[in-house]
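Model the full structure from these sequences, guided by the hints.
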Amino acid sequence: KQEVTQIPAALSVPEGENLVLNCSFTDSAIYNLQWFRQDPGKGLTSLLLIQSSQREQTSGRLNASLDKSSGRSTLYIAASQPGDSATYLCAVRPPAGANSKLTFGKGITLSVRP
Amino acid sequence: NAGVTQTPKFQVLKTGQSMTLQCAQDMNHNSMYWYRQDPGMGLRLIYYSASEGTTDKGEVPNGYNVSRLNKREFSLRLESAAPSQTSVYFCASSYYTGTSSVDEQFFGPGTRLTVL
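Going line by line, the protein sequences match chains D and A.
According to my numbering, the residues represented by the first sequence are 1 to 114, in order.
According to my numbering, the residues represented by the second sequence are 1001 to 1116, in order.
Quick caveat, the hints were computed from the structure, so don't treat them as lab data.
We put the CB at the ideal spot given by N, CA and C, even for glycine.
Here are the simulated distance ranges between beta carbons:
hint	chain 1	residue 1	chain 2	residue 2	range
1	A	G1003	D	A79	27 to 35 Å
2	A	N1070	D	L11	39 to 47 Å
3	A	N1028	D	N63	23 to 31 Å
4	D	Q81	A	F1010	26 to 34 Å
5	A	E1079	D	P94	29 to 37 Å
Here it is, written out as structure tokens:
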């Protein structure tokens, strides 16, 4: 059974710092990996999706990398801002037919201090 | 595009009452999902529908039923609500072709349900 781990559960950094959020998964046979952002009391917003054949994806100040063989993904946030404060979740999808069941990590709650 | 919409946003029920959570998407997606999110448990899949007319159980289906009314709409029904079903419920959708690994899921804003 696939398990997704995100450590630490919470992180506090000063504004302007470059930071890395980690995501690890136990089964390397994945279809893709998706990073989400969740603001308090809100739904999930998709940030980046990395296909199994890709090594990384970039969107603005965000860069996500994928190393399937080691079961790891990282989300790099450059020049962090208070507006980046949120919970960041990663989720992996197995390569199984039409059963697109995502397995989620429990998220990392990021606080960026002004 | 509104994306994925859910109604209601908030609901309080008494034990034993029934209700239906509504979800609709306007992105022409074929797959739709219902999740629940609980503190310390993360997001767990309740039911999903790979296409109109099909539904399958997820990780925690007990106590729930679903209906894929058409391609746009996917509803979740609680027949006899229990306090253990107090949670935040999210609907999501994606466009899965079966051959492409670009299967990005988009989420609705959630329904916050309390069962007393």
